[in-house]
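Q: Modelling step: build the complete structure from the supplied sequences, incorporating the hints.
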Amino acid sequence: MSNTKLARAIVLTLWSAFFAYLWISDEMVRFLGPRTYWVVPFGCLTLGAAALAHVIALRRERMAGDKTEDGMSRSDVVGIAALLVPIVAVIAVPQAELGAQAVSRKATGAGATSALIAPPEPDAGRPPNFIDVHYANESAEYATALGIGEGTPLNLTGFVSATNGPSEFTLTRFYVSCCAADAIPYSVRVVGEGAGYPDNTWLQVNGVLQSEGQVLKLVAGAIEEVEPPDNPYLN
Amino acid sequence: MSIETIPVRRPDTRRLTATLLTILVAVLLIGRVWGLEDVPAAGTFVLIFTSLVVEALPFVLMGALVSAIIEVYVPASWFGRVAGLPLPVQLPAAALGGFAFPVCECGSVPVARRLIAKGMHPAAGLAFMLASPILNPIVLASTWVAYSGRGVATEMVLGRAGLGLILALTAGWAIGTDQARDLLRPRPGEGQEHDHAPSRPQMKFSEFTAHLASDFFFMGRFVVLGGAIAALMQTAIPQSIVGGLAQTPIVSALALMGLAFVLSLCSEADAFVAVSFVQFPLGSQLAFLVFGPVVDAKLALLYGATFRRRFVLRLVAVVLPVTLAGSLWFEVVMR
Chain H
1 MSNTKLARAI
11 VLTLWSAFFA
21 YLWISDEMVR
31 FLGPRTYWVV
41 PFGCLTLGAA
51 ALAHVIALRR
61 ERMAGDKTED
71 GMSRSDVVGI
81 AALLVPIVAV
91 IAVPQAELGA
101 QAVSRKATGA
111 GATSALIAPP
121 EPDAGRPPNF
131 IDVHYANESA
141 EYATALGIGE
151 GTPLNLTGFV
161 SATNGPSEFT
171 LTRFYVSCCA
181 ADAIPYSVRV
191 VGEGAGYPDN
201 TWLQVNGVLQ
211 SEGQVLKLVA
221 GAIEEVEPPD
231 NPYLN
Chain Z
236 MSIETIPVRR
246 PDTRRLTATL
256 LTILVAVLLI
266 GRVWGLEDVP
276 AAGTFVLIFT
286 SLVVEALPFV
296 LMGALVSAII
306 EVYVPASWFG
316 RVAGLPLPVQ
326 LPAAALGGFA
336 FPVCECGSVP
346 VARRLIAKGM
356 HPAAGLAFML
366 ASPILNPIVL
376 ASTWVAYSGR
386 GVATEMVLGR
396 AGLGLILALT
406 AGWAIGTDQA
416 RDLLRPRPGE
426 GQEHDHAPSR
436 PQMKFSEFTA
446 HLASDFFFMG
456 RFVVLGGAIA
466 ALMQTAIPQS
476 IVGGLAQTPI
486 VSALALMGLA
496 FVLSLCSEAD
506 AFVAVSFVQF
516 PLGSQLAFLV
526 FGPVVDAKLA
536 LLYGATFRRR
546 FVLRLVAVVL
556 PVTLAGSLWF
566 EVVMR
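Keeping their order, the protein sequence lines are chains H and Z. Read in our numbering, the first sequence has 177 at position 177, and its numbers run on one by one without any break. Read in our numbering, the second sequence has 401 at position 166, and its numbers run on one by one without any break.
A few of these clues could be false.
Chain Z is faced by these chain H residues, among others (derived, beta-carbon under 10 Å) [stated by the list, open to error]:
#, residue
1, V39
2, S75
3, A100
4, A181
Think about it this way: if two alpha-carbon atoms lie no more than 16 Å apart in a straight line, the pair counts; the simulated EDC-like pairs of lysine to aspartate or glutamate are [to be verified]:
#, chain 1, residue 1, chain 2, residue 2
5, H, K217, H, E150
6, H, K217, H, E138
7, H, K5, Z, E442
8, H, K217, H, E193
9, Z, K439, H, E61
10, Z, K439, Z, E306
Stretch by stretch, here's where chain H covers chain Z in the computed footprint (C-beta under 8 Å, at least three residues) [as the list claims (entries may be wrong)]:
#, stretch
11, 252-261
12, 270-276
13, 287-295
14, 439-452
15, 462-469
16, 490-503
If you're looking for bench data, these hints aren't it; they were derived computationally from the structure. The beta carbon of each residue, even a glycine, is placed where N, CA and C say it ideally should be.
A: In structure tokens:
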């Protein structure tokens with residue numbers, strides 16, 4: 001049994017170390033939303049404690065003279081290898097991110113912009129963001145409460161998720177509640193000379209909103225290519 | 236132990252170990268050398284897959300922890316007394332126990348398995364397993380927060396709790412008629428190393444860690460596999476394909492139940508996704524919130540490993556019509 005216990009202790013330690021890495025490096029913001037950040041330190045400590053408990057049990061067995069060295073069963077080997085897969089995947093694709101491809105899969109409903117969460121309380125004191133523009137497009141009442149509409153200045157940072165023509169593209173940012181699996185894309189159409197950035201390029205766009213029928217578009221005054229922010233999501 | 240145990244065969248697994256390690260190293264090298272992160276679908280898949288596993292594993296560990304405590308530290312006489320209670324008392328008590336067990340579905344499966352194996356009536360164990368991911372306070376609180384902006388928070392929380400409770404009781408009663416040994420799938424080696432009752436604290440601790448790790452690694456592999464399937468489906472299938480079904484009453488509920496199966500979301504997060512389906516009626520959103528925590532791609536694998544053949548089919552055969560009927564009734568009430 002000791003080989004199995006030793007292998008399990010190693011895998012538990014690896015997972016605890018992986019959680020510690022996510023915690024210390026702040027990389028957890030790429031995988032989880034604010035509601036579940038606590039899972040990372042919790043996982044680090046509990047998995048570490050489980051690994052330690054395993055080591056203690058193993059040591060006690062050895063001190064008690066238990067020299068049993070039976071091999072691992074197939075089930076043990078498969079279980080242990082399976083739990084290594086996510087760690088290997090993260091090392092193999094270290095900068096994995098949700099980009100234009102994910103937007104094309106995650107956009108819900110009829111139309112590219114109908115992914116919604118419950119609207120935030122309108123607060124005219126803060127600068128409008130992707131979510132506000134989205135709700136302003138859905139509800140004139142919301143737009144009025146927030147004071148946004150034709151001519152409102154807007155400064156957004158997001159990534160290019162689609163190119164709609166020589167001078168128009170879609171700027172998007174995801175909202176994540178618990179983990180990347182529940183990510184919801186929020187998009188704003190941007191009109192600007194010199195558009196034509198490749199998908200997934202992070203841009204900071206300054207401009208003013210302009211109505212086109214029922215839809216508010218951002219007419220860019222300045223477009224600047226920027227590094228992806230530390231937290232790529234809207235939270 | 237009232238479930239069947241099967242002996243452990245210890246074949247030479249060195250070749251299997253070497254093969255699996257080679258595959259893992261090959262995947263790692265292919266990813267780094269060939270630049271998989273430049274392939275957008277690979278990035279989407281890895282991020283969703285890993286985030287699902289990272290979010291679920293601590294809960295699996297907590298479930299395994301509770302399961303190991305039940306096995307090693309709770310006296311058998313306690314389960315004897317519980318098993319002696321009439322089913323009409325056990326069943327609702329177990330389902331309502333979900334209110335006090337704040338873990339998601341990944342944690343409730345090993346606990347339910349252990350409770351049934353220790354003597355709780357299978358119907359009651361199943362009712363607990365199905366109720367806890369819907370009724371636990373964190374899930375209900377997140378549902379309330381998600382729907383508060385739509386002004387229907389109270390209705391959705393009551394609808395989810397009520398339908399979840401009815402579902403757990405109905406499914407437990409309908410499926411839990413089997414004996415434990417006919418319901419639970421035996422595991423290699425289980426029961427052999429602890430047929431004796433460990434008495435010394437050191438022996439108990441050793442048993443405890445053995446059970447903890449056994450459950451964690453057993454359930455963990457299915458969380459990994461289920462997470463991979465869910466991530467693959469999220470990467471490949473556009474969610475917008477269900478959008479066209481939103482206005483047809485029964486079909487819209489079925490479409491969101493199908494989506495809940497595909498997405499395999501944690502029940503503590505699913506309300507924030509459900510509320511985004513604004514083109515679907517509230518009844519269909521409720522179907523998403525009740526069906527998903529009970530039947531999804533990740534859980535189907537976990538159930539398949541925990542219970543005997545056809546359990547998943549039997550579960551779907553009960554859960555689907557109950558959820559559908561409940562969600563339609565909710566829709567009528569909300570109009």
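Q: Looking back at the numbered hints, which does the structure fail to meet, lowest number first?
A: none
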